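*Asks:* Okay, here's what each chain looks like letter by letter:
Protein chains: 2
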Amino acid sequence: MEKVRMGIIGFGCRAYGMMDILLGFDDVEITAVCDKYEDRRDNAQKRVTEKKGNVPFATTDYKALLAREDVDAVYIATDWEMHFPIAIDSMRAGKAVALEVGGAYCVQDCYDLVSAWEETKTPFMFMENCCYNRDELLATAMVRKGLFGKIVHCSGAYAHDLRGEVTGGKENRHYRLRNYLNRNCENYPTHELGPMAKILDINRGNQMVSLVSMATLSWGMEQYVEDRRDTINPDLIGADFAQGDIIHTLIKCANGETMMLKLDTSLPRSYSREFQVRGTKGLYEQDTNTAYFDGQPEYWSRVEYVEKYKNSAEKYKSMLPDAWQVITQEALDAGHGGMDYVELREFVDRLKDGREMAIDVYDAAAWMVVTCLSEESIKQGGAVMQIPDFTKGAWKTRPSQDVLAFNEYKE
Amino acid sequence: MEKVRMGIIGFGCRAYGMMDILLGFDDVEITAVCDKYEDRRDNAQKRVTEKKGNVPFATTDYKALLAREDVDAVYIATDWEMHFPIAIDSMRAGKAVALEVGGAYCVQDCYDLVSAWEETKTPFMFMENCCYNRDELLATAMVRKGLFGKIVHCSGAYAHDLRGEVTGGKENRHYRLRNYLNRNCENYPTHELGPMAKILDINRGNQMVSLVSMATLSWGMEQYVEDRRDTINPDLIGADFAQGDIIHTLIKCANGETMMLKLDTSLPRSYSREFQVRGTKGLYEQDTNTAYFDGQPEYWSRVEYVEKYKNSAEKYKSMLPDAWQVITQEALDAGHGGMDYVELREFVDRLKDGREMAIDVYDAAAWMVVTCLSEESIKQGGAVMQIPDFTKGAWKTRPSQDVLAFNEYKE
Numbered sequence: 003m004e005k006v007r008m009g010i011i012g013f014g015c016r017a018y019g020m021m022d023i024l025l026g027f028d029d030v031e032i033t034a035v036c037d038k039y040e041d042r043r044d045n046a047q048k049r050v051t052e053k054k055g056n057v058p059f060a061t062t063d064y065k066a067l068l069a070r071e072d073v074d075a076v077y078i079a080t081d082w083e084m085h086f087p088i089a090i091d092s093m094r095a096g097k098a099v100a101l102e103v104g105g106a107y108c109v110q111d112c113y114d115l116v117s118a119w120e121e122t123k124t125p126f127m128f129m130e131n132c133c134y135n136r137d138e139l140l141a142t143a144m145v146r147k148g149l150f151g152k153i154v155h156c157s158g159a160y161a162h163d164l165r166g167e168v169t170g171g172k173e174n175r176h177y178r179l180r181n182y183l184n185r186n187c188e189n190y191p192t193h194e195l196g197p198m199a200k201i202l203d204i205n206r207g208n209q210m211v212s213l214v215s216m217a218t219l220s221w222g223m224e225q226y227v228e229d230r231r232d233t234i235n236p237d238l239i240g241a242d243f244a245q246g247d248i249i250h251t252l253i254k255c256a257n258g259e260t261m262m263l264k265l266d267t268s269l270p271r272s273y274s275r276e277f278q279v280r281g282t283k284g285l286y287e288q289d290t291n292t293a294y295f296d297g298q299p300e301y302w303s304r305v306e307y308v309e310k311y312k313n314s315a316e317k318y319k320s321m322l323p324d325a326w327q328v329i330t331q332e333a334l335d336a337g338h339g340g341m342d343y344v345e346l347r348e349f350v351d352r353l354k355d356g357r358e359m360a361i362d363v364y365d366a367a368a369w370m371v372v373t374c375l376s377e378e379s380i381k382q383g384g385a386v387m388q389i390p391d392f393t394k395g396a397w398k399t400r401p402s403q404d405v406l407a408f409n410e411y412k413e
Numbered sequence: 003m004e005k006v007r008m009g010i011i012g013f014g015c016r017a018y019g020m021m022d023i024l025l026g027f028d029d030v031e032i033t034a035v036c037d038k039y040e041d042r043r044d045n046a047q048k049r050v051t052e053k054k055g056n057v058p059f060a061t062t063d064y065k066a067l068l069a070r071e072d073v074d075a076v077y078i079a080t081d082w083e084m085h086f087p088i089a090i091d092s093m094r095a096g097k098a099v100a101l102e103v104g105g106a107y108c109v110q111d112c113y114d115l116v117s118a119w120e121e122t123k124t125p126f127m128f129m130e131n132c133c134y135n136r137d138e139l140l141a142t143a144m145v146r147k148g149l150f151g152k153i154v155h156c157s158g159a160y161a162h163d164l165r166g167e168v169t170g171g172k173e174n175r176h177y178r179l180r181n182y183l184n185r186n187c188e189n190y191p192t193h194e195l196g197p198m199a200k201i202l203d204i205n206r207g208n209q210m211v212s213l214v215s216m217a218t219l220s221w222g223m224e225q226y227v228e229d230r231r232d233t234i235n236p237d238l239i240g241a242d243f244a245q246g247d248i249i250h251t252l253i254k255c256a257n258g259e260t261m262m263l264k265l266d267t268s269l270p271r272s273y274s275r276e277f278q279v280r281g282t283k284g285l286y287e288q289d290t291n292t293a294y295f296d297g298q299p300e301y302w303s304r305v306e307y308v309e310k311y312k313n314s315a316e317k318y319k320s321m322l323p324d325a326w327q328v329i330t331q332e333a334l335d336a337g338h339g340g341m342d343y344v345e346l347r348e349f350v351d352r353l354k355d356g357r358e359m360a361i362d363v364y365d366a367a368a369w370m371v372v373t374c375l376s377e378e379s380i381k382q383g384g385a386v387m388q389i390p391d392f393t394k395g396a397w398k399t400r401p402s403q404d405v406l407a408f409n410e411y412k413e
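Keeping their order, the protein sequence lines are chains E and R. When you line the first sequence up against the numbering used here, it's residues 3 to 413, in that order. When you line the second sequence up against the numbering used here, it's residues 3 to 413, in that order.
Hints in this document: simulated from the structure, not taken from any laboratory. Honestly, I wouldn't trust all of these hints.
Unchecked claim - So the derived label-pair ranges between C-beta atoms look like this:
id: 1; chain 1: E; residue 1: Glu167; chain 2: R; residue 2: Glu306; range: 19 to 27 angstroms
id: 2; chain 1: E; residue 1: Tyr177; chain 2: R; residue 2: Asp335; range: 53 to 61 angstroms
id: 3; chain 1: R; residue 1: Arg400; chain 2: E; residue 2: Asp335; range: 53 to 61 angstroms
id: 4; chain 1: E; residue 1: Ile239; chain 2: R; residue 2: Asp335; range: 52 to 60 angstroms
id: 5; chain 1: R; residue 1: Ala241; chain 2: E; residue 2: Gly395; range: 32 to 40 angstroms
id: 6; chain 1: R; residue 1: Arg400; chain 2: E; residue 2: Cys15; range: 47 to 55 angstroms
id: 7; chain 1: R; residue 1: Tyr411; chain 2: E; residue 2: Lys310; range: 29 to 37 angstroms
id: 8; chain 1: E; residue 1: Tyr113; chain 2: R; residue 2: Lys381; range: 28 to 36 angstroms
id: 9; chain 1: R; residue 1: Glu167; chain 2: E; residue 2: Gly166; range: 42 to 50 angstroms
id: 10; chain 1: R; residue 1: Arg94; chain 2: E; residue 2: Glu378; range: 44 to 52 angstroms
Since the model is a prediction, treat every value here as computed from it, not as a measurement. All C-beta atoms, glycine included, are put in the ideal place defined by N, C-alpha and C.
Chain E with its partners taken away, still in its complex shape (with noise of 0.2 angstroms):
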């Protein structure tokens, strides 16, 4: 395959920036887009033609789109409800599939999308972003060369202040706003669960075993929609919200490490992944990018720990993947600080040159199916839920695989 014909389905606003990015690339063409409003199918169409010449093919109906000829592979950012009918339909079409995240709604679909899979063998990735992110691959970097000795604990968040979000746009459209309407989970767990479960090899030589959430009731919306009465759209005013302000996932895994994931994001905060990695020799802090060492001084004023160390893991960086060694300025201005673009060219390299993908079927799954699984146990008190095995055991054998191939360290 020497040029990847994609079409891309579903134009809130995420897909935007993606496509601006492969419409960026010589060795891919947008033949197609879709979203089920004929306003942001218009406007995608559009796009593409001002950028790059072309008229792709336009559809509200995203089986129209897997039916044409011209399309190998799909990008696809609908909302989070779609994603596991599109994803299966397009495999089953044998459209190669770069799946945006989400989390899943009930354990079946998680099974379904690797049935899918597993019966097609159609290209798949999920497209998680931060696993291609410099702190997070930096941290890994430094895992796999041991500095933190054994791996025992790692944590995250997805701590992001989504009120304006999640209340604002237009005509209610916003997948987030009925969620947050009507659900309370773990609703976005992979940003700092993807990361996480590389690091601790799941499903690659360990498992996640077992979850407990526990949830918050639902102030913060709520608060913010009545201080905002004369200017938020009068349909939420007094609206119920479902989603409590902070949940807490703790997860078990098969060889006794503990992962943490806390959805924090509808209270006021700045912005944090607050993605760490804890071992017996050391640890990574991503809001400071500190590495910390045993034996290294201790602190007992954390604004001074963080003086003396913020940035120390920088020593570290030409251990980083040849990505990001390389990286130009418009690829760090391209989305995200630069995830979105190494993801993207990750996706388009890997497919043409036919390699297996770093985050494939069972990891969509099994980050994915965290999230019906929290709803579960917030349902039921912050019961234990047990993590399906969606490998059927091959985990104990399937070798370790990173996203990006690291370097060796030098001085």
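With chain E held as given, fit chain R onto it using these hints.
*Replies:* Chain R only, in chain E's frame:
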């Protein structure tokens, strides 16, 4: 009562610092000291004589101390296992109790502690010094002023690398050592839970209803021992530690809030209590003494955020209790940055004035029971544990009670 005659029971390490503060009080006399080891007993007696001139009664039998007529009150800082029997015997002997912190080994002990107080009404204070710390009090003052809106979640940690302390020391005497070898639980919950429980009015309008705990395996202590084979206590080489390296505990409150505790004591790291308060209108973060409010700019870089808001809570210092407005350098230097002094002064003042203790037997029972419930939850793979209501329903009507009165906000 013009002068409080005190006995001190348990001279591991903690009691010396606390005794030195008490020896500095004009209205306190140390009339008796006790430790089960003769060398500690003798050292304690000598220290009193050197500093104050009197020769206190000294014994290895705490019951002999409790039988003394010249003892009005006891400060108990023994191993955790003996906290309950000694506190109960003390109350029954009519000696006012200042009980050092720790966790419970079984639920029944907590009930027995409550019964001893209810039957005797002997003054009892649980000595959670972090409730008297400046940061936690500053945050609490801001909460009471409504600056953070409705409080949704509190989190904190006992994050303290104790590998040296647990494995060091004389003849394996350290009570932590046998606990780390034999138990796996949130063994030290109260430094973070105490201030959080005060903020959320636990036992006073609110209640902790359930918890779940999850533990990693135990690798940190064993790695530490292995790396120091030549110098470590030889009894510990190859020892099998039961205590997981990191324990997370999630607690659900009757009014819908959650709390998260983290015990993090056997991996390399620097000290922090990671105390955070989250509300619908803002947050407090102890690590950087940050107050952040709804409407302030959102930052995408944690480092920038910290540079912007670090110590922003200081603006509200006029609200701190009087004890922190007039604190002396001597008090600040006396132990843990001043909180030990403020706490002991408060115990003595309330005892002399016949005022109720602000951290009472119900708080002690509710906070300490977390330890044995976490142990059971971990054993059962993260099962939900119901937290007993030691107030027998009285929590619904008991009024909110801060440990110290706050002042008004002044620019």
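*Asks:* All hints, please: hold or fail.
*Replies:* Okay, the hints, checked on the actual structure:
1. Range check, E:Glu167 to R:Glu306: Cβ separation about 21 angstroms, and the 19 to 27 angstroms hint holds.
2. Between E:Tyr177 and R:Asp335, the C-beta spacing of about 57 angstroms keeps the proposed range 53 to 61 angstroms intact.
3. Remark: the range hint 53 to 61 angstroms for R:Arg400 to E:Asp335 is upheld by a beta-carbon distance near 58 angstroms.
4. Distance hint check: the CB atoms of E:Ile239 and R:Asp335 are about 55 angstroms apart, consistent with the given range 52 to 60 angstroms.
5. Distance hint for R:Ala241 and E:Gly395: a CB-CB separation of about 34 angstroms, consistent with the stated range 32 to 40 angstroms.
6. A hinted range of 47 to 55 angstroms for the beta carbons of R:Arg400 and E:Cys15 is consistent with their spacing of about 50 angstroms.
7. Look at R:Tyr411 against E:Lys310: about 34 angstroms separates their beta carbons, and that is inside 29 to 37 angstroms.
8. Look at E:Tyr113 against R:Lys381: about 31 angstroms separates their beta carbons, and that is inside 28 to 36 angstroms.
9. Between R:Glu167 and E:Gly166 the CB atoms are about 47 angstroms apart, so this pair conforms to the stated range of 42 to 50 angstroms.
10. The hint said 44 to 52 angstroms for the Cβ distance between R:Arg94 and E:Glu378, and at roughly 48 angstroms that hint holds.
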